[in-house]
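Q: We have chain A; now place chain B onto it with these hints.
Here are the chains, one letter per residue:
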Amino acid sequence: MLPALRLMPYDRLVLLAGRAALRSAGFRRLRAIEPGLRAVPVDPFDFLDCLSTARAAFRDALRTGDTVRASVSGGTKVLADATILAAFQEGVEAWYCDPDPIRLPVLRGVRIEDALSPADRVVARLLSRSLGSEDLVRLGRERGMPRSTVLASLHALRDLGLASVRLESGKAVVAPTPALAAYRAHLARSGGKA
Amino acid sequence: MTVLFGTLGWRPQSLAPSIRSTEGLDGVVFYHSDHAKSRGARAKVVELCRALGVAVTPVELGDAFDLLEIAERIRADVRRAKATGAVLRFNIAGGTRLMSSAALLVCILEGIPATYVHDETLREVPLPLLRITYGERLTPKQREVLAFLLENREKPHTETSLAKALGVHKATMNHHIRELEAKGAIARVRDPEDARALLVRPTPGMELLVG
Chain A
33 MLPALRLMPY DRLVLLAGRA ALRSAGFRRL RAIEPGLRAV PVDPFDFLDC LSTARAAFRD
93 ALRTGDTVRA SVSGGTKVLA DATILAAFQE GVEAWYCDPD PIRLPVLRGV RIEDALSPAD
153 RVVARLLSRS LGSEDLVRLG RERGMPRSTV LASLHALRDL GLASVRLESG KAVVAPTPAL
213 AAYRAHLARS GGKA
Chain B
12 MTVLFGTLGW RPQSLAPSIR STEGLDGVVF YHSDHAKSRG ARAKVVELCR ALGVAVTPVE
72 LGDAFDLLEI AERIRADVRR AKATGAVLRF NIAGGTRLMS SAALLVCILE GIPATYVHDE
132 TLREVPLPLL RITYGERLTP KQREVLAFLL ENREKPHTET SLAKALGVHK ATMNHHIREL
192 EAKGAIARVR DPEDARALLV RPTPGMELLV G
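Protein sequences appear in the order of chains A and B. Each residue of the first sequence is one higher than the one before, starting from 33 at the first, in my numbering. Each residue of the second sequence is one higher than the one before, starting from 12 at the first, in my numbering.
Chain A with its partners taken away, still in its complex shape:
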């Protein structure tokens, strides 16, 4: 990560690393250079742990209003990939510096939550199990959503691969896909809602 430190100017440094790396001589040397360094331990072989930890670290840093950049040059590949995904999800710039800097194409400020409208998020929450499309419409209406809004959101969720629709005895049955379950679990881990 030394090329990244040289190439990317910063005011604060947050380091995501496995516990073994945080006990290493390299880390002690880095701590000596950067006493204000904040170390965040992760399981560097658990993709979802790396993802939720990186996402939480980005959110903490973004809350201060500062510009946030991620360097994914070091660590395990699992940690690097998960950090890239977290960077995409939070609209944070990600860079490889190994040794030349490569900026990953990310639009700053565009977050994963932007993929769903507020109405889509309500319908995603209602879609916790398989149910008839009319039952979904009824649940939506109980929350003040018109039928057309519920159906539009259902279409949006289907287009995103988060909901499936099938015909059973002439009735449309909608169900959450494994992708919705993964997305919901991920947001629950990261403190979001869906």
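Treat the hints as calculated values from the structure; they're not laboratory data. Please read all numbers here as calculations on a predicted model, not as lab measurements. All residues carry an ideal CB built from backbone N, CA and C; glycine is no exception. It cannot be assumed that every hint is accurate.
Claimed, not checked - Rough simulated footprint, nothing fancy, chain B against chain A, three-plus residues with beta-carbon under 8 Å:
1. 42 to 54
2. 109 to 121
3. 130 to 139
4. 145 to 155
5. 203 to 215
A: This is chain B only, laid out in the frame that chain A set:
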């Protein structure tokens, strides 16, 4: 029809679980480097696919470390497969960091369900990934400015020349440029031939995001 895409490094085990677990699998397309160990892994994956009666297309990448080139290649292949109406899946566990990052980027842009395979347990982990349509996060005018810059990237552009080319006032163009710069879509750099002038350039890979 279901097609599994994948990135492959030196370990066929990183891709094999997805080949075995994908229901109704008709084809496998995977990317690998020209390294001897990667070619060895390719042979094993091809052998597994043939044993299962699944069509397989290995793709050797010229440069396994050029993220944008890899992403463009994968995206073109994914779009071709999508156009046939196939259901797509992507295993991004293998290959160089840049290969799996490029694959991850394509999965986000194209909304392809992606999985990772745990190194030790070989368990597949579905990634919480949603399609993000970046083009829709820009205003029509910002998209127009960016599209113009991408189409005419060989030529140097200042804010003034952009305003003239797109028929807007300089102040309006300045507003769009600032917004695009804040999003990281463009950068303003000093003109090497005129120290007073700033050139406007799209940042690398922007065509992937808005293309």
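Q: Next, verify each hint and record whether it holds.
A: Status of each hint after checking the structure:
1. 42 to 54: violated (count 0)
2. 109 to 121: That given contact holds, which follows from 7 residues of the segment 109 to 121 of chain A lying within Cβ reach (below 8 Å) of chain B.
3. 130 to 139: holds (count 6)
4. 145 to 155: Coverage by chain B holds for the segment 145 to 155 of chain A (3 residues, Cβ < 8 Å).
5. 203 to 215: n = 4 at 8 Å, threshold three: holds.
Violation of the numbered hints given earlier is confined to hint 1; every other hint is satisfied by the structure.
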